[in-house]
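Q: For reference, the chains in residue letters:
2 protein chains.
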Amino acid sequence: MAASEIDRLIQQLARLPGLGPRSARRAALHLLQKRETALLPLVDSLRRAAECIVPCSNCGNLDDCDPCRICQDSRREAASLCVVEEVGDLWALERSGAFRGRYHVLGGCLSALDGRGPEQLNLARLWQRAEDPAVKEIILALSATVDGQTTAHYIAERLAHLPVQLTRLGQGVPVGGDLDYLDDGTLLAAFSARRPA
Amino acid sequence: MAASEIDRLIQQLARLPGLGPRSARRAALHLLQKRETALLPLVDSLRRAAECIVPCSNCGNLDDCDPCRICQDSRREAASLCVVEEVGDLWALERSGAFRGRYHVLGGCLSALDGRGPEQLNLARLWQRAEDPAVKEIILALSATVDGQTTAHYIAERLAHLPVQLTRLGQGVPVGGDLDYLDDGTLLAAFSARRPA
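In the order they appear, the protein sequences are chains A and B.
Count the first sequence with this note's numbering and you get residues 1043 to 1239, in order.
Count the second sequence with this note's numbering and you get residues 1043 to 1239, in order.
With the rest of the complex left out, here is chain A:
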């Protein structure tokens, strides 16, 4: 019979994305059996994270300083600004090394279904940043979903009067992707984006 404190811990762990009840039990047991080497360091990391990680007031990224390291870094190109939905998207782009400019994190995208309008997103600051004469290109790196594309369209309309180039990510066959497994929408996009061989 699991004790109530153990049950509570398992319930908390099971709420993490990627952990179901079964793996939450395994994780709890691992932590309880390795108190000094696993449980206490994790408590420490989580507490420090709760204390010192804040959203960047400039771009919306999460970091232990404000402005975040990317906004502070003078080696990043000031001419291009990449608009993403979530911090996770920013992390993915950073890992790919595809981009050397700065970011703007919206904190989601417009969604009629979820009742998320422009005032719920980090847009007011984007309008300000877009007017900076140093910014020459704004890349709308939003999801290729209906909501993501609606958001991209909305931002593009709002920024159309500015002398800034607006771009979107290329669409087509993912690298390593098998044509046989691709959906029709991706195949259509790949066809219309075809290039000379």
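Honestly, the hints are just simulated from the structure, not real lab data.
Put simply, identical chains are the same to the list, so a pair is met inside one copy or across any two.
Pairs of lysine to any residue, SDA-like flavour, derived with a Cα cap of 25 Å:
1. K1178 to E1136
2. K1178 to R1167
3. K1076 to P1063
4. K1076 to R1089
5. K1178 to A1140
6. K1076 to P1097
7. K1178 to P1160
8. K1178 to R1117
9. K1076 to A1166
10. K1076 to D1131
11. K1076 to R1158
12. K1076 to G1149
Starting from the structure of chain A, add chain B where the hints point.
A: Just chain B now, kept in the frame of chain A:
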């Protein structure tokens, strides 16, 4: 670019069983974005667990009281004692509802390869408990691996002089198991354990 505090948190989370680097990143982001509803409650649960969950000095189970609730529970049958390797095995048996006696957690099994001898296991207390005249049956619910069976054999030899019945778990086809996918060892065990239909 992930910050160092965030990196440290991801590293800690990635060490949990069942979480790889990718899911640890997702979990960290989830926690950071839901500070009040996810991060702080998890810190609280972990800290409470670190403070109050201890191994039971009688059976080796983990609980927030010592002796644990199972050892304290007078409704559990005192006549049967179930020896398991780990607390996780005890949890699994409790979930199944198969057993209403008390447990004894060894904290592993004998392993020549890992250099784990009898003195590393919770055996001294088992020899004491086995001499309790109330105990009529000791069930060796150990893994069906070489190490598990070696451990069961070792315990059976050490307890052979006592007037207590020693049993092991039945072996055979798992419920819902497809014969086609079973290994030869399980099929052999199932054949030799065949019963009248």
